[in-house]
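Use these hints to put chain Z onto chain C, whose structure you have.
Single-letter residue listing:
Protein chains: 2
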Amino acid sequence: VVSGERDLVAWLRRSFGPTTRELVGDDAALLTLRGDWALTTDSQIEGVHFPAGLSPRLLGQRLLAVNLSDLAAVGARPAYALLALSAPRGWPARELLRGLRPGLRRHGMVLAGGDVASGPVPGATLTLLGRRPPRGRWVRRTGARAGDRLWVGGFLGESAAGQRLMARGARWEAGRVTIPAQLDLERAELATARRAVRRHLLPEPQLELGEWLGKRRRAAAIDLSDGFALDLHRLLEASGVGAEVVADALPTAPGFPNLASRLGEEPLELALGGGEDYVLLFALPEGVAPPAFFDATEVGRVTRRREVALLTRHGPRPLPPTGWDHLEESTLELHEGRGRPSLRSPSR
Amino acid sequence: VVSGERDLVAWLRRSFGPTTRELVGDDAALLTLRGDWALTTDSQIEGVHFPAGLSPRLLGQRLLAVNLSDLAAVGARPAYALLALSAPRGWPARELLRGLRPGLRRHGMVLAGGDVASGPVPGATLTLLGRRPPRGRWVRRTGARAGDRLWVGGFLGESAAGQRLMARGARWEAGRVTIPAQLDLERAELATARRAVRRHLLPEPQLELGEWLGKRRRAAAIDLSDGFALDLHRLLEASGVGAEVVADALPTAPGFPNLASRLGEEPLELALGGGEDYVLLFALPEGVAPPAFFDATEVGRVTRRREVALLTRHGPRPLPPTGWDHLEESTLELHEGRGRPSLRSPSR
Chain C
1 VVSGERDLVA WLRRSFGPTT RELVGDDAAL LTLRGDWALT TDSQIEGVHF PAGLSPRLLG
61 QRLLAVNLSD LAAVGARPAY ALLALSAPRG WPARELLRGL RPGLRRHGMV LAGGDVASGP
121 VPGATLTLLG RRPPRGRWVR RTGARAGDRL WVGGFLGESA AGQRLMARGA RWEAGRVTIP
181 AQLDLERAEL ATARRAVRRH LLPEPQLELG EWLGKRRRAA AIDLSDGFAL DLHRLLEASG
241 VGAEVVADAL PTAPGFPNLA SRLGEEPLEL ALGGGEDYVL LFALPEGVAP PAFFDATEVG
301 RVTRRREVAL LTRHGPRPLP PTGWDHLEES TLELHEGRGR PSLRSPSR
Chain Z
1001 VVSGERDLVA WLRRSFGPTT RELVGDDAAL LTLRGDWALT TDSQIEGVHF PAGLSPRLLG
1061 QRLLAVNLSD LAAVGARPAY ALLALSAPRG WPARELLRGL RPGLRRHGMV LAGGDVASGP
1121 VPGATLTLLG RRPPRGRWVR RTGARAGDRL WVGGFLGESA AGQRLMARGA RWEAGRVTIP
1181 AQLDLERAEL ATARRAVRRH LLPEPQLELG EWLGKRRRAA AIDLSDGFAL DLHRLLEASG
1241 VGAEVVADAL PTAPGFPNLA SRLGEEPLEL ALGGGEDYVL LFALPEGVAP PAFFDATEVG
1301 RVTRRREVAL LTRHGPRPLP PTGWDHLEES TLELHEGRGR PSLRSPSR
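Residue numbers (our numbering), protein chains in the order written: chain C, 1 to 348; chain Z, 1001 to 1348.
Chain C stretches covered by chain Z per the calculated footprint, using a threshold of three residues with CB under 8 Å from any CB of chain Z:
#1 29 to 36
#2 79 to 92
#3 111 to 120
#4 138 to 148
Bear in mind the hints are in silico, worked out from the structure with no lab data behind them. All C-beta atoms, glycine included, are put in the ideal place defined by N, C-alpha and C.
So here's chain C without its partners, still in its complex pose:
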């Protein structure tokens, strides 16, 4: 009797190296863990985090990247992964595992176990364990102090632009991004658009930056997944402080404002609330700056007053915690009221 799940497990034990072979096969993965560990879990569900028809292999890559970004935010070094997968029968589960494999290898990680179930739509939850690096500290949301400078580890809004492009028909096929002709983008815009789609689908978790932050005497960080404004509020609230953010300092990709406008979006709004940036927002004491190769950008400073102000050319204005909240009805209505495409691609 051929058994699909058994086949998959056997394939997995063959394909994921000796440690996986040793670990996968019992009702639980049995690990010897010494020291300090960071655990995180995050899902990718069709129709919520990615559109139907996305390549299962790409989904595997994205699932890993999104989870690694959480480990990056606390300064952890990834070590183990557990996968809980559900999908309709016949869905190519192996492809998702193939998508996970290169990233696991690159980070020296081991797939230690998981669970397979049938389900109405493809969805996967990954749980990662990362260790505290030698001589590293945990980076927490609570570590920001008045006077600190705020930094962002990469472009804001680019991923959200990529998501909007996909909602309008942009596709990823065999590593190439195609942009529908009816969007009528010029050559330079096309390149910007392709980069945005790629960035949306394959975020680059800032693990080295996270480790670097963990080596500082003091640092605070959060993974930007639900939008800069909302996640900034989370960081500040955890630290009991406020902030001033300089609108013009917010880093965006070359050609981003133009692309956003072409998509009918306000560039600043997309940068502040688009979400799924998967770069780090962090606070460092004044005078401490990350090395230039991290390409991080200073965007403001932490204040004692527990308010969040956006400093614009027209003066300061309050910056509310808008962004993607998975349980907030009014957030959704707000977005929908602005005529956004119905396919949203949130995550936390």
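Below, chain Z alone, put in the same frame as chain C:
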């Protein structure tokens, strides 16, 4: 601005005690782990593992119980939980958390983190960490040897009968099970049916039995989730052995054969392949027996020959690895072909 997810996290930190308050709030849960740990992850998805309309609180209880059963199988003592929840907006996520809480408390566990996302149907993935108890060994599937006796920790098929009853309209409401009148069951049958539904919805993970097995010089075990026959094959395959199982020895609940027949099911088939028993199947050296209060039943013995035989009154017959395989198309067809209700309730 009110934020649903923030509200939920704040409520969670208030309601789940000081350790959760400390742990929840960063991008990853930060734990100090020393020694040997078992990690397991398991999902419950509406329409797959439970019917639409099931109480979210009960779902929380079931989700925890099913995951604890995996820890029981390796002899681990539960310690931490991470929850990845996805549900349509407006779904009462707090109720699921309320359902988790008593079980977490009872086992001295800490909810250490998680993730909330919107999704097309309610679904939840729980990841548990359990530690190896002092002076305990891990119990693995690989530990069975020729000559060992096979044991089962509880009734087989009862949960599957409960699932069939729910597919025919049995309901759990505020802790009470109602059986539809059109099933036309007699009084004694009704009691059996109610117990079956309760057992299906709220399995009792055999953690003490698992720990006891871990204190033996040698033991092998597997959690019976996909059906006795399939999981038995998994255990034997991992150990490189075969077995003889005595059909008449398989433990079933009082009144079970009659109830199964009333449901149009062959009692033996339901016991062998129904699945979701969430009791332990284990192997112990001859002469070693679990204490009587575990109510375990000896069901056969392990053989050197790598075949699995079912000894019936009419002689031996091969026992194929039938049961629930989440990826095996033909399994589903087989079941459907026999006129089973379309709501199946599998899990692993």
